[in-house]
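> Starting from the known structure of chain A, arrange chains B and C on it as the hints suggest.
Now for the letters of each chain:
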Amino acid sequence: MPPEPAQSFAVTLRVNGQSFETEIDARTTLLDALRDRLHLTGTKKGCALGQCGACTVLLDGKRVVSCLMLAAMAEGREVTTIEGLARGDELHPVQAAFVEHDAFQCGYCTPGQIMSAVGAIREGRAGSDDEIREQLSGNLCRCGAYANIVAAVRDAATREA
Amino acid sequence: MQPFTYAPVADAAGAAARALQGASFIAGGTDMLQLLQEGVAQPAELADINRLPLQGITEDADGAIRIGALTRLQDAADDARLREAFPVVTEALDLTASPMVRHMATVGGNLLQRTRCLYFRDVSTPCNKRLPGSGCSALDGENRHNAILGGSEHCIAVQPSDLPVALISVDAEVQIQHADGAERWVPVEDFHRLPGDTPQIETVLRQGDVILGLRIPAHARGRRSHYVKVRDRASFSWALASAAVALRLDEGGRVTEARIAVGGVATKPWRLPRVEQELLGVRLDRDRARLAAVWAAEGAVTRSGNAFKQPLLQRTVERAIIEAGELA
Amino acid sequence: MNAIIGQPVSRVDGPAKVTGHATYAAEFDLPGLVHAAMVVAPIPRGHIRSVDTAAAERAPGVLAILTHENAPRLPYHQIPQRPQVDAQSGEQLHVLQDAEVRFNGQPVAVAVAETLEQAVHAAELVRIDYARTPALTIFDPARGRPPSEGNVKAGRVPELGRGEAEAALAAAPVRVEARYTHPREHHNAIEPHVTIAHWEGEHLTLYDKTQWVDNDRKEIAHVFGIPEERIRVVSPFVGGAFGSALRTWPHVTLAAMAAQRVGRPVRLELTRRQLYTSIGFRPHSEQHVALGATKDGRLSALKHEVIQQVGRYEEYAETVLSPTSHLYSCPNLLARYRLVEMDTNSPCPMRAPGVVTGVLGLEMAMDELAVELNIDPLELRLRNYAETDEQKGLPWSSKELRACYATAAERFGWSRRRPEPRSMREGDQLVGYGMATAIYHSDRSAATASVALTGNGGAVVRSASSDMGPGTYTSMTQVAAETLGLPLEQVRFELGDTNLPYAPVHGGSVTMASLGNAIVAACGAAQKKLADLARAAQQGPFSGLPSEAVAFHGGGLARADGSGSVVPYAELLRQHNLGWLEAEGSAQPGEETKKYSSAAFGAVFVEVRVDEALGTVRVPRIIGAYDVGRVINPKTARSQCIGGMVGGLGMALEERADWDARFGRVMNANLAEYLVPVNADIGVTEAIFVPNDDRNFNPLGVKGLAEVAICGVAPAIANAVWHATGRRIRQLPITPDVLL
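Chains A, B and C supply the protein sequences, listed in that same order. Position 17 of the first sequence, counting from 1, maps to 17 under my numbering, and the rest follow consecutively. One rule links them: number in my numbering = place in the second sequence (from 1) + 161. One rule links them: number in my numbering = place in the third sequence (from 1) + 489.
Chain A extracted, bound-state conformation:
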């Protein structure tokens, strides 16, 4: 029996392998739940309209923009954020490649770029520079680090392959 429609309720969110129970407003986006309820602020808010990609996370392993999803819709799904990538102090290969290739300046779009890159590599869509450019085009970088982002993703994709 589906639940009765409500304006606020408790949800259990699975994030980075952990379960979090939190009270949310029906209006709360997954992005705002991550940042303001769970204090996982690595996922960034840039536009809240799905137009910049800064809030990219993996949902059941696939890239999504967390601003265009209600938190309630993420119940029962597995969310991976930037905080869930590194193993302890050891950076994920994509994270390491971003540092090595200076694939950012201000760093604000970076978690979204990295999550998008991780998704693209997993999907097998980082096979050439042109493919990387296209696959990362949903993630705006106003500092203009694109050439370095392509180099970093290419490098990480090669290492992981």
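Warning: the hint list may mix true and false statements.
[Claimed, not checked] According to the in silico footprint, chain C covers these stretches of chain B (three or more CB under 8 Å from chain C):
no., segment
1, 279-289
2, 391-398
[Unchecked claim] The following label-pair restraints were derived from C-beta to C-beta distances:
no., chain 1, residue 1, chain 2, residue 2, range
3, B, Ala174, A, Glu123, 55 to 61 Å
4, B, Gln361, C, Ala620, 27 to 33 Å
5, C, Thr622, A, Ser128, 40 to 46 Å
6, A, Ser128, B, Ala379, 33 to 39 Å
7, C, Pro908, A, Arg159, 44 to 50 Å
8, B, Val455, C, Thr783, 19 to 25 Å
9, C, Asp541, B, Val455, 56 to 62 Å
10, C, Gly916, A, Ser128, 44 to 50 Å
Hint data in this document are derived by calculation from the structure and do not stem from the laboratory. Keep in mind it's a predicted model, so treat the numbers as computed, not measured. Even for Gly, the Cβ is constructed at its ideal location relative to N, Cα and C.
Quick look at chains B and C alone, frame taken from chain A:
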């Protein structure tokens, strides 16, 4: 964002029942969340239809392809059977939005995507589509993105989706179920309505309808097809003009079947029967393509900012015909 | 010598940024934090007739609704010496202080509630009745007027020149003349502007997105009429700004006001749409350039008039005439600057403010002159090379622009360019090569830093500077590590807090030239203090030695003659029972500004592909060579330059605010319709630094590079589009509608 109630629904009947109570549906959410954030949509209730069993792509015995309404755009784009049978659809999907949005957005939702008209999305300005009777700000405003085809004195907003444009070129139909259980099929070509004097009504859907999916008929297989999308930047942007062309040629290179639809230029995904007619029976070459494409902008009404779409549309159609016909 | 300066060191803050652990302004987790949302006016001019907040106040979770009717009256004291980041004439918006509406998008109320969703909804429920009055919303060059006195005093002059430009132009054997425009452009840093305000008694802490914490504090102190000491501003990471976070905008005041009212920490984050009106933008400009030349391509006359939009309540003006005044050798020059008042939020600096505009017109006109003369565009620049700053009548502190031209042209393959337009093709695409010169005047400001040598053998360096992306954290660490002779890992640099020593604004490419030298001084001061202790000691290897007999190298103190061993810092501290030792140092501009003119230079070469039928332009290659003085970190410096190329590409091909004069409003106020470049727009972007070390300008030899990196890119692209198509597009951005 005004408060709303939220609950998932389990099946199409449940969804339809909530809709009759006034609920709006949310599926991929990629447009709905933007509309909510900007105050354009103010539903009292959101019924989450993601649990409905309407995901996936199947092939009928006769070779028709069915796409469930909740199939994500990326899953559709990745489907080998669809790519093999109707590449023009896959091409349109590949050029839609960003990978993140494609992982979320659904095929059914994409048909229902609201216009990107700047005035529709900005609640501080009049817009007949958002607030009927308030006036159309685009007619004499920033209308570079607005329609040159299918507009009225009340609205010149473009339906911005790529997918339905491609679907028209392969004769796809939409499967709709009403709350009373009745099912009907509507060609994608007839799914959207012209704005006329009721621009707030955008499709043939009625309250209590649920889109179940799409069917692309077997007879549309084997057409040479191509989707061309012209944008202001290389990726992740709306079509200034787009064209889906599907042609069948006989052994002598004569066109025996033609379906052409365009996007980015019209108030609904727009079929071009006159251009199709010009191509029928001719041995296709570059000149023929150009001559036929001239008719693409037949009936166009341009405004201060969108007059460029007239030549752009003609050239986009010409390019799509040439590339579909492998005349390049 | 452990050379750390000049090494391509990876960012020291890189791991924090790639793991999501770098804390930006919105992300400080304060107990009891509540949320604010703004209500903005939807009319360009008028006043508020009445406000109805009843429904908003009744909404769930609402703590307060502030409007001009119930907001505290704030003193808005004048800052005696107006900060250079503020508009230099007129009066800033006094938010919620009266019923006047001065521009569409002006904040007129703020809702505070327990959650973000509740605050946003409450803001929607505020009902305001407006009386609209006629507004100036059309850019009419005929209304252009000179900048006001305050701006003139700040160097935004209405006219400058030399010789007899009009007469020389009339007499010139070859003339070109044209009008160029670019639209209003928006910074659109990916991080929105956001402030968390937290009052503890009389003390206010602001967690703010700002490029200048010290000035942020000063501004809010004056607005509220409280001593600066009671305010602390914290801003360790800035998610891009490009000039938008130089000054303190009204929403910072609103956040502080709201936090005071509700007695809780308040976060106010602007929506993307609000970012088009609550902060500034690059103003729309129209410019007219007339060049006169001899038949062998020497400039004999240069006339340049720039007209820009400006707000009406305050007057922001730019140094648009600066590049014209000294980029080329020309005996007769007249440059004029005019402003057109409009009812809009005030513009503000955006990367290379003014200069990028001036360079655009001048460099497109130079290309037109090259065509007229049938001279290669690069050769034309060389024939008019300015050996000195002819406007100031000063030599350059250094200028390696010739090397920039040569290096970039060679790397690009400029010699393969066929001079005729439409003469190069690749498949169906027209190919065009274009180039332009880049320049940005180099400045420096007074800066202070502290260095603490610590008992563990490391050092902590501090200054209230900022790192909005160029790599301040990293490059300053390099400067300190090299100066102290310590490994990079042993040095930590802290910034972004008013508790730290004073730093100048993080803008105008001044940070390294200003703060870098202060850090060198601070390191020297700490070393001297330590050496003095060692020499004054009763015993030990340096006891009683004169100061010239000791020297620091290799991470410690030694005898200057090389005898004996090096005693590390930690050991010296231990010997004097010190846990740590701290010293301050400062640096400021000196006599060099009277002796030299200083600027960073660049040469930008671009290849475009034009699909003529569809009107699309793509840019497979941008190659730039730059003279930015000494390069502290080539890795981060390169990132800044390729970032500037991306910004310039956006300016050339994509960026445009769609202004609706009926509403006085930017209609495409988002990131789906206001386009900035995406990854797929960018092909090869390559930056080369020509060797230079400008010790005439400052001891570190650096000139600054953030601004010069965006200059020249847009005109190079426009010039390449001409070469590809034969069509001179003088209006940016060059989109398909313009090309068709």
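> Now, for every hint given, state plainly whether the structure supports it.
Here is how each hint holds up against the structure:
no.: 1; hint: 279-289; result: holds (count 6)
no.: 2; hint: 391-398; result: holds (count 8)
no.: 3; hint: B:Ala174 x A:Glu123: 55 to 61 Å; result: violated, 35 Å
no.: 4; hint: B:Gln361 x C:Ala620: 27 to 33 Å; result: holds, 30 Å
no.: 5; hint: C:Thr622 x A:Ser128: 40 to 46 Å; result: violated, 58 Å
no.: 6; hint: A:Ser128 x B:Ala379: 33 to 39 Å; result: holds, 35 Å
no.: 7; hint: C:Pro908 x A:Arg159: 44 to 50 Å; result: holds, 46 Å
no.: 8; hint: B:Val455 x C:Thr783: 19 to 25 Å; result: violated, 50 Å
no.: 9; hint: C:Asp541 x B:Val455: 56 to 62 Å; result: holds, 57 Å
no.: 10; hint: C:Gly916 x A:Ser128: 44 to 50 Å; result: violated, 19 Å
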